[in-house]
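Residue numbers (the numbering used here), protein chains in the order written: chain A, 4 to 362; chain B, 123 to 607.
Any given hint could be a false lead.
Unchecked claim - Distance condition first, Cα-Cα at most 35 Å in a straight line; then the derived DSBU-like pairs of lysine-lysine:
(1) B:Lys401 x A:Lys263
(2) A:Lys263 x B:Lys459
(3) B:Lys565 x B:Lys431
(4) B:Lys459 x B:Lys573
(5) B:Lys163 x A:Lys331
(6) B:Lys401 x B:Lys565
(7) B:Lys270 x B:Lys363
(8) B:Lys392 x B:Lys230
(9) A:Lys263 x A:Lys331
(10) A:Lys263 x A:Lys337
(11) A:Lys95 x B:Lys401
(12) A:Lys95 x B:Lys459
(13) B:Lys356 x B:Lys322
(14) B:Lys356 x A:Lys263
Simulated from the structure, these hints should not be mistaken for lab results.
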Amino acid sequence: MKVNKIQEFFLLVIIIITSCRELYFPDDIRSLEQTPVIRGIICEGSSPAVSITYAMGYYENTEILVSNATVVITDNLGNQVELLEESAGSYKPASDDYIGVIGGVYTLHVTTHDGIEYESDPVTINERPVIDSIYARLGELEAILYNQDGEPYTDKIHDGFYLFTDLSAETNSTVYYRFNTSVIRLFSYLIQPPMAQQASNIYIWERPDVIDDFYSVAFITANNGRQILPGHEIGYLQWIDNPPCYAITSSTAPWVLILKVYAISSGVYDYYHSIDQQLNADNQMFAPVPSQIKTNIHCINDPARTISGVFEASSMAVSYKAFLFINKNILRSKNLETFPDYLESGSQSVDPPDFWVGF
Amino acid sequence: MNDYYLWNSRASFYDINGTLHFNLPKNIISISNYLCNDAFKFASEVRYNYGSELLSVNWNNIIRPNLISYLTLSYSNYHVIKDNINNAFMQSRIESGIRYTGLKYRIKYTGIQHHTIDGGINLVNYFVHPGERTPLDTGSLIIPASLKNEKAYEGAIFLNDEYEVNNYLIFNTGLRISGYQKAGSGMIFGFEPRLSTRIKINDRSSVKMSYNRDLQYISMISLSLISTPGDIWKLANSNIKPLIANQFALGYYRNFINNTIETSVEAYYKSISNIIEYKDGAVLEMNPDLENELLNANGINYGIEFSLKRNSGKIDGWISYTYSRSLRKVTDHDQGKIISNNNYFPSSYDKPHDFTIVANWHANRRLQFSANFTYSTGIPITLPEYKYSTSGEIMVVFSRRNEYRIPDYHRLDLTVSLDESLRIKKKWKGYWSFSLLNVYGRKNPYSVYYKKEDPGEYNNFNRFNLYKLYLIGKPMPILNYSFVF
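Work the whole structure out from these sequences, hints included.
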């Protein structure tokens, strides 16, 4: 019997209706080998730090911290520094004398207590990035949330602005970047009698909130001369309509954005980019090519051994910008020379703190 | 189904085909064309639109009673548009395609006793448009990018002789010599000999043996476990050598009980060189440095197939069982290019056991009952074995390539069919059938994939969860009415 195309179509419709998906717990997954996860970093002007764990089995929920490892960093000038175990699985040099310098080439060596040796590829601290600008564009945000059965559904549309940055580099080679964007919400209002004995300004600030993904990376391809990376998205600033209940009279609520851009090497870029790929490869109906996370660390005793993690050498540029919502469609901005690197949330009255931003 | 992704997905298609035949004295000309287009949208994430245009012109010319020529001109154009629509500012369109233009001229000569000689030429022009990415609308920040188009030419001459030594022995020998040139690369030559023989032992049994060597100058690189519109085509060049396959096959065929029962055993072994594999975590889409992500692999395919078929009687049908393997091995030892410790691993097509039984009971001249049972080993898959947390995200570490398998596939279908009328002269002849597919409701997985979710009791508090997608996961009745007029 020849099945014609119309019959095929109806068959397809029936198949779609009767198809489904369900959680799958394969009972034959083997997690027998200890898989080290080594994460090390050395930044320009900072001491190195390394953490070592063993990955969990797929059905387990406890990471094993790796103690008693020998951790050494060597550089292209013949220097070497040993990192000591500061807490379980966490290693740092005994002093802050050894710091990363631009142009330095660093290699991480790790020997675990069972004698297995691991080594990173040599990584270079490149020139600091140049942040040309930070800007915002009006846009709605659609979010997918999950109900109690784990099924996704669309959330209400948020109003707000997407944030972008432009970078440039004077170079003839490919340049790789990693981004870290956080925002701090500032809030001020005037309190008056009878709520207070006398009229007074109150200043409140919140802890920094990271608004981009830790694996946010980008690169500029070499093309003879000045390279420009335009429009790299660094996050979303959401319009919040309802002021806090203690805002009795006029108030302002600017946001301060802190953008840190790290110049990294291609191997480190590959690591973060593969994380991005893995996290965004989920939920594809046609099982995607497995997105194994890349690493620039390998096992010397057994090159085929599975390892995760990265050894990063980087330099960093930072830029600050303040934004103020006039309404949900209008956003004013102001470049800032500086801002505290880290703040705990707090408040004070009468006079604003030194870092306060007025519009 | 409470499935956001499924309910927000769309699919549509159309197919148009037609053929014109011209029967002229000593000449037959036919022109065929086929147009198709399919589109589907997967929730608010991705939209595919892909289609093909095929055209072929055939001219068969009887020059002399023992000399016939066959000319075929063919053209095919396959194009894919993929729209990434999940992010308003990063919406992009990727267009890619492959075009094939061919000419084949073949002459068949039967003027020498016991010989049928076949020879000719074949010219092919390949054009691959690997991808062009553009912003989908003016608000998109996507930077336009285009990968370099690839062109190549293949020319071949071939000659084949079928020599019927006597009623019991036939030899078939042939050679195809091809030359291939990709723009910017050197010429590649290929020799493709073939040899086969059929030995008729008696009226009931025969043996066939064959050897083929084939070259393939274009390879498909799949972005997923199964073929999808987004698959990438890559032409051979100085770095990517043409795929070479050498296949040996041996078959024994025997009939029983006045040829009402046919049995056969066929075995084959195929070695393949220059298969394209890819690195772990390779980026394949819109990658200007794609070759850097690809690995050269060798492969072996082998198997044996047993078949038993009954053609007549109240009960007819057939049983077949195949044991086959399809293995790959990457030979590169450089860091980051080692796959499965450089050992053989199963390819995505490796299904060792495949068993089918079809039985039809003709209760009377109008009523028929059928049963169809199939079983096959689950296809290989790479699964996550480990996980670790970093900056608030849970990452997974996958197993070696294709180290696991999805659950085996098996299914029983039953059908009852009834002819409306047996009268030959009736203008309208109808045919009813009622089928129950997947009688025992097995949830045969079609694909296994992982998904990021909020941890909860339902998913064992995992951030990443494996899901299996199955089609027809319950018994499905189908009533069908067909007619001819």
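Hints, one by one, checked against the model:
1. Taking the CA atoms of Lys401 of chain B and Lys263 of chain A, the gap is near 32 Å; set against the 35 Å cutoff, the hint holds.
2. The hinted pair formed by Lys263 of chain A and Lys459 of chain B meets the criterion: a straight-line CA distance of about 33 Å does not exceed 35 Å.
3. Between Lys565 of chain B and Lys431 of chain B, the direct Cα distance comes to roughly 29 Å. Compliance with the 35 Å bound is thereby established for this hinted pair.
4. Straight-line distance between C-alpha atoms of Lys459 of chain B and Lys573 of chain B comes to about 27 Å, which keeps the hinted pair within the 35 Å bound.
5. As the CA atoms of Lys163 of chain B and Lys331 of chain A are separated by approximately 32 Å, the hinted pair is consistent with the 35 Å bound.
6. Between Lys401 of chain B and Lys565 of chain B, the direct Cα distance comes to roughly 32 Å. Compliance with the 35 Å bound is thereby established for this hinted pair.
7. Restraint check for Lys270 of chain B and Lys363 of chain B: the C-alpha separation of about 19 Å stays at or below 35 Å, so the hint holds.
8. The straight-line distance between the Cα atoms of Lys392 of chain B and Lys230 of chain B is roughly 29 Å, inside the 35 Å bound, and the hint therefore holds.
9. A threshold of 35 Å between alpha carbons decides the hint, and for Lys263 of chain A with Lys331 of chain A the separation of about 27 Å falls inside it, so the pair holds.
10. Pair hint Lys263 of chain A plus Lys337 of chain A holds up; C-alpha atoms about 17 Å apart against a cutoff of 35 Å.
11. This hinted pair checks out: Lys95 of chain A and Lys401 of chain B have alpha carbons roughly 34 Å apart, not beyond 35 Å.
12. Restraint check: the Cα-Cα separation between Lys95 of chain A and Lys459 of chain B comes to about 32 Å, which is no more than 35 Å; the hinted pair holds.
13. About 43 Å separates the Cα atoms of Lys356 of chain B and Lys322 of chain B, which puts this hinted pair outside 35 Å; it is violated.
14. With a C-alpha separation of about 40 Å, the suggested pair Lys356 of chain B and Lys263 of chain A falls outside the 35 Å cut-off, and the hint is violated.
Against the hints set out earlier in the document, violations occur for numbers 13 and 14.
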